[in-house]
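> What follows is the residue order along each chain.
There are 2 protein chains.
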Amino acid sequence: MKRRDLIVGGIGAAGLAAASKTKAQKKDVFKWKMVTTWPPNFPGLGTGAMRMAKNIEAASGGRIKIKVFAGGELVPAFEVFDYVSSGGAEMGHGAAYYWRGKSEATQIFTTLPFGLNAMELNGWHYFGGGMELYRELYEDFNLRPYPAGNSGCQMGGWFKKEINSVNDLQGLKMRIPGFGGEVLRRNGGTPVAMPGAEIFTALQTGTLDAAEWIGPYNDLTFGFHKVAKHYYYPGWHEGGPTLECIVNKEAYESLPKDLQTIVDIAASATNDSMLAEFMARNSFALEQIEQMDDIKISPFPKDVMDAFKESAEEIIGEIIDKDPKFAKIYKSFSDYKKTVEKWTKISEYALLQNRYE
Amino acid sequence: MKRRDLIVGGIGAAGLAAASKTKAQKKDVFKWKMVTTWPPNFPGLGTGAMRMAKNIEAASGGRIKIKVFAGGELVPAFEVFDYVSSGGAEMGHGAAYYWRGKSEATQIFTTLPFGLNAMELNGWHYFGGGMELYRELYEDFNLRPYPAGNSGCQMGGWFKKEINSVNDLQGLKMRIPGFGGEVLRRNGGTPVAMPGAEIFTALQTGTLDAAEWIGPYNDLTFGFHKVAKHYYYPGWHEGGPTLECIVNKEAYESLPKDLQTIVDIAASATNDSMLAEFMARNSFALEQIEQMDDIKISPFPKDVMDAFKESAEEIIGEIIDKDPKFAKIYKSFSDYKKTVEKWTKISEYALLQNRYE
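Listed in order, the protein sequences are those of chains A and B. Whatever position you read off the first sequence (first residue = 1), add 70 for this note's numbering. Whatever position you read off the second sequence (first residue = 1), add 70 for this note's numbering.
In isolation and in its complexed conformation, chain A is listed as follows (with noise of 0.2 Å):
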């Protein structure tokens, strides 16, 4: 796993020196680079991630310069994981889900269907056991990760028709991946897995008949609401996902102190700024698409949503059953959701009811 030549090139000349020390020294100047799992400028998320490098650049003076990548301009986006953890990059930004095939628990971290929302998944992560579990799973792979963002809560997507129950979702061809589609899969659907380009050709072509995105920024953008008139809330299966940088451990290690502690604020001052982007953003997205006469915004009906429950309490206690990492992380989770939701009832949620009824 310890591929130290591919990180001592990932060094500049003042770094290669410093490779051969036992510590470095202050004036070594180390040339990184970000591969990330995000189109190029992505709105939020990928812009996010350079808002990071350059934080990182401008704090240490330009003693750490980060050239940033964009899934599959140096390595495909669903190999940052791999790319980090050997060393061919010093860091990535993506989200710990899409390392599921990596193990099952990297999904705990970003999101669970009927889980957290942002604060409630921030205060796990860091003061309710979260963050050592999560730099626990990934010594494995040699790597440091970090809650580097969030999208705050997801929407359920764009449908062609009306989805007033379950039998609504029989043979529907919707963009869903992962846990979600799973959920999707097991109550008639069909799920597909698509990047974001491909989805409005789809949706107009008829081989999708729903798709969910991210929420009212990323859609608007991409205009799915030109070719589907249904647009569903919440995002059940996505309600306040954690992004993640993750820092390839030895490069981390070869940092002095000053730089390691630069990374980990900058993390944090991510995971702080993205969130309120994608709450503005989204706002201000959102009081476009509430313009458009054709649309209708409504939510899912509660017959689908307890049926979606269901699956997803299904599907979590099957890879309890054969996943003990899984197990021990969800264990942590959960009693921790259980309290923090108790706590959210009787302030920001009875907050929100004051406010809307």
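Calculated directly from the structure, the hints in this document are not laboratory data. Treat each hint with caution, since some may be false.
Copies of one chain are not kept apart here, so a pair can be met inside one copy or by any two copies together.
To be verified - Below, in silico cross-link-like pairs of lysine-lysine (DSS-like), each with a Cα-Cα straight-line distance of 25 Å or less: (1) Lys372 / Lys231; (2) Lys327 / Lys124; (3) Lys327 / Lys243; (4) Lys372 / Lys135; (5) Lys137 / Lys327; (6) Lys172 / Lys327; (7) Lys366 / Lys408; (8) Lys299 / Lys412; (9) Lys327 / Lys135.
Dock chain B against the given chain A, drawing on the hints supplied.
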């Protein structure tokens, strides 16, 4: 307003030399003071400010050293603003609404009754125009302000008797400062301003009938549950108050660019981690409170909330009429509020409805 001598006095040996140059050198060491409005080691708020100072020291490799002072240690809590403005200390941590005597508009940057939650408010600050207005307002005071923490939704307080209607508020002596206190007064109560440390005894001796403080985490420590049995949710007056870091402008400008960025991202990282801490620790504390047999936790009656909301709107109208700066900033806040409330309704709120109903 510019008191260069004081600022130079706040910088160490190397810094003294730097102050006479047009641009600080990378090797300079800045010895800073951070004065705060918090009691020593105050959980969540004070400790969050201390964590911010530590992060800046570590990220700068010791080039900025920050000595943190609790309220009253160097200057009284409510002189923090003036002291940092004049350069007595380079940095402060507190809450903008403490400075309403300087400008009514400061309150908007912290929280307003029936205002926004933490996520929504961060959206305004960073991406809805709030920060620009915040900086503009504080420019006159020689200060650079940052959102640097959030307590999340605060609780409505501890009451010795049950509140069933507005009638029960008549003559009620309650510890509730500022805007919230004025709302209570207009509904027949007697607001009392009192430091946290005095509340317990005042409740015990009957000087107070009720008191709001923060939320379960901080309230439990003070033991209010031992003398007031009715705990009301949620804090209609503070739905997610933003805490504040202020930096003396000349002190900030004397820093080289890299250290300026470190201060910037450290504030944002504090904004991220403090809210997470309150989410987690309020949950854990609530669990303990719920296990106490004799405590009744309930929502305020609807007619009380309606009356409070009407008074709050009345007060805001009065301030708008007499204070053009408040009016300008409130316009930006209020336009954003209308927009973000629509988004929250179909995302976060719908998500929680799904969970709780």
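> Of all the hints given earlier, name the ones this structure violates by number, lowest first.
3, 4, 6
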